[in-house]
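A.B. asks: Sequence:
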Amino acid sequence: MAGQKTQPLLSINDLAISFNGQPPLVRGLDIQVHAGETLALVGESGSGKSISALSVLRLLDARHVSYPSGEILFHGENLLKAPENRLRQVRGRQISMIFQEPMTSLNPLHTVEKQISETLALHKGLRGDQARARCIELLQLVGIDDPKSRLASYPHQLSGGQKQRVMIAMALANEPELLIADEPTTALDVTVQKQVLELLQQLQKKLGMAILLITHNLTIVRRYADRVVVMEQGQLVEQAKVKTLFTTPQHPYTKRLLDAEPPESPPARPDIENATLLLRVRELNVRFTTAKTLLGRVKSSFHAVQDVNFELERGQTLGIVGESGSGKTTIGHALLKLTAASGHIDLDGQPLANLNQKQFRPFRKRIQIVFQDPFGSLSPRMSIAEIVQEGLEIHTPDTPEAQDALVVQALTDVGLKPQDRHRYPHEFSGGQRQRVAIARALVLQPDLIILDEPTSALDRTVQKQVIELLQSLQRKYALSYIFISHDLAVVRALSHKLLVLQHGRIVEYGKAAEIFAAPEQPYTRELLSAAFFYQKTLD
Numbered sequence: 001m002a003g004q005k006t007q008p009l010l011s012i013n014d015l016a017i018s019f020n021g022q023p024p025l026v027r028g029l030d031i032q033v034h035a036g037e038t039l040a041l042v043g044e045s046g047s048g049k050s051i052s053a054l055s056v057l058r059l060l061d062a063r064h065v066s067y068p069s070g071e072i073l074f075h076g077e078n079l080l081k082a083p084e085n086r087l088r089q090v091r092g093r094q095i096s097m098i099f100q101e102p103m104t105s106l107n108p109l110h111t112v113e114k115q116i117s118e119t120l121a122l123h124k125g126l127r128g129d130q131a132r133a134r135c136i137e138l139l140q141l142v143g144i145d146d147p148k149s150r151l152a153s154y155p156h157q158l159s160g161g162q163k164q165r166v167m168i169a170m171a172l173a174n175e176p177e178l179l180i181a182d183e184p185t186t187a188l189d190v191t192v193q194k195q196v197l198e199l200l201q202q203l204q205k206k207l208g209m210a211i212l213l214i215t216h217n218l219t220i221v222r223r224y225a226d227r228v229v230v231m232e233q234g235q236l237v238e239q240a241k242v243k244t245l246f247t248t249p250q251h252p253y254t255k256r257l258l259d260a261e262p263p264e265s266p267p268a269r270p271d272i273e274n275a276t277l278l279l280r281v282r283e284l285n286v287r288f289t290t291a292k293t294l295l296g297r298v299k300s301s302f303h304a305v306q307d308v309n310f311e312l313e314r315g316q317t318l319g320i321v322g323e324s325g326s327g328k329t330t331i332g333h334a335l336l337k338l339t340a341a342s343g344h345i346d347l348d349g350q351p352l353a354n355l356n357q358k359q360f361r362p363f364r365k366r367i368q369i370v371f372q373d374p375f376g377s378l379s380p381r382m383s384i385a386e387i388v389q390e391g392l393e394i395h396t397p398d399t400p401e402a403q404d405a406l407v408v409q410a411l412t413d414v415g416l417k418p419q420d421r422h423r424y425p426h427e428f429s430g431g432q433r434q435r436v437a438i439a440r441a442l443v444l445q446p447d448l449i450i451l452d453e454p455t456s457a458l459d460r461t462v463q464k465q466v467i468e469l470l471q472s473l474q475r476k477y478a479l480s481y482i483f484i485s486h487d488l489a490v491v492r493a494l495s496h497k498l499l500v501l502q503h504g505r506i507v508e509y510g511k512a513a514e515i516f517a518a519p520e521q522p523y524t525r526e527l528l529s530a531a532f533f534y535q536k537t538l539d
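Okay, so the sequence shown: first residue is 1 according to full-length UniProt numbering, each after it adds one.
In case anyone wonders, no lab produced these hints; they're calculated from the structure.
The structure presented is a predicted model; accordingly, all values stated were derived computationally and were not measured.
Careful: at least some of the hints might be erroneous.
Label-pair ranges, simulated between beta-carbon atoms [to be verified]:
{"no.": "1", "residue 1": "H64", "residue 2": "S429", "range": "18 to 24 angstroms"}
{"no.": "2", "residue 1": "K417", "residue 2": "K476", "range": "14 to 20 angstroms"}
{"no.": "3", "residue 1": "R256", "residue 2": "K299", "range": "55 to 61 angstroms"}
{"no.": "4", "residue 1": "T289", "residue 2": "Q157", "range": "18 to 24 angstroms"}
{"no.": "5", "residue 1": "A133", "residue 2": "S456", "range": "37 to 43 angstroms"}
{"no.": "6", "residue 1": "S456", "residue 2": "E526", "range": "18 to 24 angstroms"}
{"no.": "7", "residue 1": "L355", "residue 2": "A402", "range": "26 to 32 angstroms"}
{"no.": "8", "residue 1": "P68", "residue 2": "S159", "range": "39 to 45 angstroms"}
{"no.": "9", "residue 1": "H422", "residue 2": "T244", "range": "46 to 52 angstroms"}
{"no.": "10", "residue 1": "G46", "residue 2": "T248", "range": "24 to 30 angstroms"}
{"no.": "11", "residue 1": "R256", "residue 2": "H64", "range": "27 to 33 angstroms"}
Calculated pairs, BS3-like style, for lysine-lysine (alpha carbon to alpha carbon, straight line, at most 27 angstroms) [to be verified]:
{"no.": "12", "residue 1": "K255", "residue 2": "K243"}
{"no.": "13", "residue 1": "K194", "residue 2": "K206"}
{"no.": "14", "residue 1": "K358", "residue 2": "K337"}
{"no.": "15", "residue 1": "K464", "residue 2": "K255"}
{"no.": "16", "residue 1": "K148", "residue 2": "K194"}
{"no.": "17", "residue 1": "K114", "residue 2": "K124"}
{"no.": "18", "residue 1": "K148", "residue 2": "K206"}
{"no.": "19", "residue 1": "K194", "residue 2": "K255"}
{"no.": "20", "residue 1": "K194", "residue 2": "K243"}
Backbone N, C-alpha and C define an ideal beta-carbon position, used for all residues, glycine too.
Given the sequences, and given the hints that come with them, work out the whole structure.
C.D. replies: Printed below as a string of structure tokens:
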């Protein structure tokens, strides 16, 4: 990366950010970004990272935001005092931004070509054939296959990685001096995440631009940043070069963040002695119909899960990993009869595959699921007590008093207070909401809990708490887990067995410790390499 210049490209001095006249959410922020470097801005959700970054281009709602103190200097010009027409010249031309979720940042009604051409027309006056040629060049630059054909694509026709690459193409269209990347890889698979980050690094070297990288993932920072600024509750608590911060952190909050990162070499999880078989799956297949004839017959279908076989003992965890579209979640839904499937599924020796929904209902008590998004899976209209108790009303004939006692026990088991059952989901943090979701599954005293990406939306510190909670509940109740995730660091911390999927087929299956230590298949090695690419020696 390019060496630092004497004068910073961007200088944020004593910045305070307030909303609706309330006390500032960000206070006394001082940050300098030099040409050609990558500065990482890290901290947990709510620390003020994103609103600080959005303030650089004044993208926060002017009707509600104010800046009680401070300045944001770009080439010495205070952008906080710049008129709107000047800001329009800077946005997308000198300073560009990549947002966290490309699906919501891209316009679903416009083609890729139209969305990239817009910034070219605005800042460079390019239209027609000139704009189209530049669009193709940009898509090639960010690694989109067959870029000419992709010009007419709409966002919904692209994968997550492709959408993020289009966002990067838009941001780089005018070769900005500063790129602000706000959690650019959070929603991506590890292989795509690695590709996107390496792409940004290559483009940075080619264009000589500076990058302000906003993330809560210190593992990415460790691999790609030059310097780090750590924020906690709206204040800067530490800043240092990457090597210094990771080897000798000074602030207790930084130490806590680093401690929350999954260990590079966790101890192998021992097999449980004399464990009995709980679940046996044989020749599991799932097909989705993609087209029908006028008479309703299946014309074409997609084979989402193909001949999957695995076993799970009581008290053990099976990790299922693979890229998006590999069939991970589909397997979980098939086990719960939420998706039609063929094959053999035996729970405690009882065949489940041929049961209809009414016959399967008693088994729903024994197999529960925890979903990825704790806020989306909890009804905002129901209290915590109603959410956790709902399953009891279906599956147990107990009195309301007995049900309430079970709710209290489940909430206590997941680290919440009994009085929390009278509150509503919006009153809790993301980690607390996920604890409620776990309590809802736990209250029925199941044998098996399917965990579908239960930590992907959480900060690393909260992830660590949830992992430790799941481990303690497993020991206490001899629970079996199927842990579905693309975060291999978390899977490695939890799993006894590992099942690797690609395009609906099993690539590798066996003891997790053995596969992580010595994967046999090229695809598994590729996944592990992408997941742990950041683990390098900081010399």
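A.B. asks: Check whether the Cα positions of K194 and K255 lie no farther apart than 27 angstroms.
C.D. replies: Answer holds: K194 to K255 is near 25 angstroms, not above 27 angstroms.
A.B. asks: Measure nothing beyond the straight line between the CA atoms of K148 and K206; if it is 27 angstroms or shorter, mark the hint as holding.
C.D. replies: Holds, at about 23 angstroms.
A.B. asks: Would the hint linking K148 and K194 be met if the CA-CA limit is 27 angstroms?
C.D. replies: This hinted pair holds, its Cα atoms lying about 25 angstroms apart.
A.B. asks: Are K358 and K337 close enough, with their CA atoms no more than 27 angstroms apart?
C.D. replies: The given pair, whose Cα atoms are some 11 angstroms apart, holds under the 27 angstroms limit.
A.B. asks: Do the Cβ positions of A133 and S456 conform to the proposed distance bound of 37 to 43 angstroms?
C.D. replies: holds (39 angstroms)
A.B. asks: Taking the Cβ atom of L355 and the Cβ atom of A402, is their distance within the range 26 to 32 angstroms?
C.D. replies: Holds, at about 29 angstroms.
A.B. asks: Hey, K114 versus K124, does the alpha-carbon distance stay inside 27 angstroms?
C.D. replies: Within the cut-off at roughly 15 angstroms; holds.
A.B. asks: Please test the hint of 18 to 24 angstroms on the beta carbon pair from H64 and S429.
C.D. replies: For S429 against H64, whose Cβ atoms are near 23 angstroms apart, the range 18 to 24 angstroms holds.
A.B. asks: Taking 24 to 30 angstroms as the hint, is the beta-carbon distance of G46 and T248 inside that range?
C.D. replies: 27 angstroms Cβ-Cβ, so the 24 to 30 angstroms window holds.
A.B. asks: Between K194 and K243, does the CA-CA distance stay at or below 27 angstroms?
C.D. replies: Measuring from Cα to Cα gives roughly 21 angstroms; hence the hint holds.
A.B. asks: Holds or violated: K194 with K206, Cα cutoff 27 angstroms?
C.D. replies: holds (18 angstroms)
A.B. asks: Against the range 14 to 20 angstroms, how does the distance between the Cβ atoms of K417 and K476 compare: consistent or not?
C.D. replies: holds (19 angstroms)
Consistency note: the structure conflicts with none of the earlier hints.
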